[in-house]
Amino acid sequence: MSHRSFVWLCLLPLAVVTAAFFLLPMARLVVVGAEGPQGLAGYLAILTEPRYRATLINTVVLSAATTIVTLAVATIAGMFLQRHRFPGRTVLIAMLTFPLAFPGVVVGFLIILLAGRQGLIGDISSHMFGEKVVFAYSIYGLFLGYLYFSIPRVILTIMAAVQKLDVGLEEAARSLGASPWAVQRDVVLPALAPAFVASGAIAFATAMGAFGTAFTLATNIDVLPMLIYTEFTLAANFATSAALSVGLGVIAWAILALARSLSGSAVAAAG
Amino acid sequence: MRDRLIFAGQLLFTIGVAAFLVVPVILSISAGVTVNYFRGIASGVTLQWVAQVWNLYYDTILLSFLIAFATLLVALAVGVPAAYALHTRGGRLSRLIEECITLPIAIPGLAIALALLLTYGGFRSFRASWLFILTGHVIFTMPFMVRSVMAVFATVDVKTLDEGAASLGASPARRFLDVIVPNAAPGILAGALMVVTLSLGEFNLTWMLHTPLTKTLPIGLADSYASMRLEVASAYTLIFFIMIIPLLVAMQMLADQGTRK
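Here the protein sequences line up with chains A and B, keeping their order. So the mapping is simple: the working numbering equals the position in the first sequence, first residue as 1, plus 56. So the mapping is simple: the working numbering equals the position in the second sequence, first residue as 1, plus 59.
Hints in this document: simulated from the structure, not taken from any laboratory. Where is the CB? At the ideal position from N, CA and C, for every residue including glycine. It cannot be assumed that every hint is accurate.
[Said to hold, decoys possible] Computed footprint of chain B on chain A, listed as stretches where at least three residues anywhere in the stretch have a Cβ under 8 Å from a Cβ of chain B: (1) 71-78; (2) 156-162; (3) 280-292.
Could you put together the complete structure from these sequences and hints?
Spelled out as structure tokens, the structure:
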């Protein structure tokens with residue numbers, strides 16, 4: 057066997073598996089999305105139907121808020137951890153990154169333990185103010201859950217980016233009389249911009265599609281994945297749920313593709 | 060003085076963030092071994108909830124391991140040769156294929172699961188078996204294996220090694236098994252850990268693909284969160300942590316080793 061045909065043979069199983077269990081089903085999904093009573097217009101329903109549009113806006117606002125807060129938190133903590141050496145630093149880094157692989161359902165449960173009916177925050181608040189604060193099942197609980205799984209991902213990217221910063225530039229700025237705040241604003245943050253774009257896109261796309269956390273927490277919050285799920289299982293509305301999932305998939309993919317072309321590095325999200 | 064204050068402020072902030080991530084995990088672990096969570100740890104420590112979870116849900120734990128290792132086998136058999144082929148071929152077609160298999164990372168699992176259901180849901184016996192979940196896991200984890208192996212190929216000069224072995228008369232298949240695979244070992248290991256970890260915790264796809272007879276651990280978890288008392292749900296989560304944390308630690312150690320080299 058020639059080397060050339062061996063290489064093709066190596067590629068064959070992947071091509072078959074991907075075509076049969078990914079490309080074909082995705083094509084089917086796109087077709088089913090247009091098989092509803094409205095036909096192709098079913099794809100516009102996500103924008104024209106008031107209920108779907110409200111859910112879409114809800115999801116986008118929630119994901120954007122998650123992204124912004126995560127970036128702020130991860131930048132402060134990541135910069136600090138990368139720039140200082142002190143006892144306990146590695147333990148702190150481990151604590152901030154190990155929830156990376158927790159599934160969304162588990163994150164949802166952890167938020168219930170924190171802010172649910174028997175939660176820690178409720179206990180503390182009822183001791184201190186005599187009033188039990190419970191917000192796990194509201195949009196704030198969901199927001200906290202999204203923060204929980206975004207922070208570890210983003211912090212790793214930010215720390216790697218901070219490590220690559222040229223400290224000489226900051227020293228030059230300082231020696232030219234720039235205040236510490238001005239150094240941060242004009243030197244450090246612009247240099248971190250590609251990392252912000254890359255990790256922000258991951259956080260945003262992951263939050264848009266996060267199903268497990270919403271499933272555990274969101275008894276009555278409208279986010280896109282929950283809407284798709286209820287349309288499919290409870291209403292058996294296959295065409296609508298297919299159209300909505302294609303919309304969700306396109307949004308998530310477009311954000312990541314855009315970020316990749318802007319930041320020039322590999323961008324990927326997970327579960 | 061000012062620097063000290065800034066340092067202390069940042070340290071406190073970072074500790075606060077770490078606490079936000081760690082405290083709920085500690086709450087969950089302690090709730091799983093507490094006799095009565097409402098009355099607190101003072102009510103006594105017990106393993107009865109863990110035992111109860113095992114009795115109720117041991118099949119989900121076994122199925123999760125079965126699917127994770129089956130996913131790993133497929134990812135190895137399909138992904139490693141493909142990574143080699145994509146690396147040696149190069150060019151636009153390879154870029155396109157790589158792009159294509161990476162899509163499942165960007166597209167939410169829910170959409171992929173719906174697509175699989177709409178396409179293959181009609182094949183009753185396939186739909187009802189655990190193989191249906193396996194296909195979802197394979198599609199979802201494949202990019203991690205392929206990219207992890209390709210990342211190693213980018214640093215090792217595979218071409219020269221391959222040509223060297225070829226000049227000695229080794230067949231392409233021999234070269235692949237005896238030269239390429241051993242050199243890609245670190246990437247294969249990292250990819251394998253990732254695949255198993257992701258498969259064990261996968262929920263978004265699995266929730267749509269499972270049947271009452273094919274429940275994996277995360278499905279059981281969601282089930283217990285909705286219907287069981289807090290102690291049982293926590294004990295179940297504790298079992299999940301015990302399964303997943305060694306994998307995370309191994310991944311971290313592997314990454315540290317890589318950066319030190």
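**Report entry** Violated constraints from the hint list, given by number and in increasing order
**Finding:** The structure conflicts with no hint, since it agrees with every one listed earlier.
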